[in-house]
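Q: Chain by chain, the residues run as shown.
Number of protein chains: 2
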Amino acid sequence: MPLTFRRATAEDLPALVALLADDMLGAAREDLGPPLPAAYALAFETIAADANQLLVVAEEEGAPGGAPVGTMQLTFLPGLSRQGAWRCQIEAVRIAAPERGRGLGRQMIAFAVEEARARGCAHVQLTSHNDRKDAHRFYAGLGFEQSHIGYKLIL
Amino acid sequence: MPLTFRRATAEDLPALVALLADDMLGAAREDLGPPLPAAYALAFETIAADANQLLVVAEEEGAPGGAPVGTMQLTFLPGLSRQGAWRCQIEAVRIAAPERGRGLGRQMIAFAVEEARARGCAHVQLTSHNDRKDAHRFYAGLGFEQSHIGYKLIL
Numbered sequence: 253m254p255l256t257f258r259r260a261t262a263e264d265l266p267a268l269v270a271l272l273a274d275d276m277l278g279a280a281r282e283d284l285g286p287p288l289p290a291a292y293a294l295a296f297e298t299i300a301a302d303a304n305q306l307l308v309v310a311e312e313e314g315a316p317g318g319a320p321v322g323t324m325q326l327t328f329l330p331g332l333s334r335q336g337a338w339r340c341q342i343e344a345v346r347i348a349a350p351e352r353g354r355g356l357g358r359q360m361i362a363f364a365v366e367e368a369r370a371r372g373c374a375h376v377q378l379t380s381h382n383d384r385k386d387a388h389r390f391y392a393g394l395g396f397e398q399s400h401i402g403y404k405l406i407l
Numbered sequence: 253m254p255l256t257f258r259r260a261t262a263e264d265l266p267a268l269v270a271l272l273a274d275d276m277l278g279a280a281r282e283d284l285g286p287p288l289p290a291a292y293a294l295a296f297e298t299i300a301a302d303a304n305q306l307l308v309v310a311e312e313e314g315a316p317g318g319a320p321v322g323t324m325q326l327t328f329l330p331g332l333s334r335q336g337a338w339r340c341q342i343e344a345v346r347i348a349a350p351e352r353g354r355g356l357g358r359q360m361i362a363f364a365v366e367e368a369r370a371r372g373c374a375h376v377q378l379t380s381h382n383d384r385k386d387a388h389r390f391y392a393g394l395g396f397e398q399s400h401i402g403y404k405l406i407l
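Protein chains in written order, with the numbering used here: chain A, 253 to 407; chain B, 253 to 407.
So here's chain A without its partners, still in its complex pose (with noise of 0.2 Å):
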């Protein structure tokens, strides 16, 4: 099933806290309230404000109204390393579970590489958490190169 994607509203905003919780790392770090938490809507603000973030909301073709079936935020870096290049970087990526390991996360990444591209991106960046094997297989197949370690420090 083709997906669409758009950029996000604040209506929702509770649909993509959802997705974002119906995960194995998220699921302990996400609070579904209700009410949900003002901070969540505080972040969609500023995300919503910067030129260099777009929330992404994917659905399926010919289910309007339906609820997104997934989600992932793209945010465009510039930097002064490889010639001034901008990069594209994926996070929070969620597929809604009942709609896994059919393909739609193919049509996800298809569409940030061609918004990477159309503004001019020179490569497309992103960090998998060391247990999510099926997605290391995943990015793999899409032929992103496993060349970084990523490190955080929680503050």
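Worth double-checking, as some hints may not be accurate.
Chain copies aren't distinguished; within one or between two, either way the pair holds.
With a Cα cut of at most 25 Å, we get these calculated DMTMM-like pairs of lysine to aspartate or glutamate [what the hints assert, rightly or not]:
#, residue 1, residue 2
1, 404, 386
2, 404, 366
3, 404, 383
4, 404, 312
5, 404, 275
For the record, the hints were derived by calculation from the structure and aren't laboratory data.
Mind docking chain B on chain A? Use the hints.
A: Frame of chain A, contents of chain B only:
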């Protein structure tokens, strides 16, 4: 020797590009000119105009007017994940070759962590190329968790 840190200015650009190029991976990616390709100045302006970007110059105290001894780019990223948490991303970390091995990197990362805390970030994240074995020991020694795999797709 204690470092001082400040936001980069356009006058720093040639020195910063020279630092980026003085690196096992950066050497093949950058073009020092002269003239310095205009793409660097354009990238610098974009970074400088973005409140969520902080291009850092590190200098040795007592050596004003000297060349920068280090640089890094901090990006402050809004997101819905983790209840709308901000993240601080570190990229393009360089220390001048003659100054390496003296503990300056530790001061630079400490500054990044301080900035991240001041802006309310929940964590600091970075990736390091698989081949940078010294860097891996360095970040692990600073308490960074090697929790992710970093992928890149060159466009």
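Q: Pop the pair residue 404 and residue 383 into one bin, within, between, both or neither, using alpha-carbon distances up to 25 Å.
A: For residue 404 and residue 383, both the intra-copy (15 Å) and inter-copy (18 Å) Cα distances are at most 25 Å.
Q: Could you place residue 404 and residue 312 in one of the four classes (within, between, both, neither) given a Cα distance threshold of 25 Å?
A: neither (34 Å within a copy, 28 Å between copies)
Q: My question is about residue 404 and residue 386: at a cut-off of 25 Å on alpha-carbon distance, are they close within one copy, between copies, both, or neither?
A: both (21 Å within a copy, 17 Å between copies)
Q: Using 25 Å as the alpha-carbon threshold, which applies to residue 404 and residue 275: within, between, both, or neither?
A: Classified as both; 19 Å inside a copy, 23 Å across copies.
Q: If the cut is 25 Å between Cα atoms, do residue 404 and residue 366 qualify within a copy, between copies, both or neither?
A: Between copies only: 15 Å across, 28 Å inside.
When each numbered hint is compared with the structure, a violation occurs for hint 4 only.
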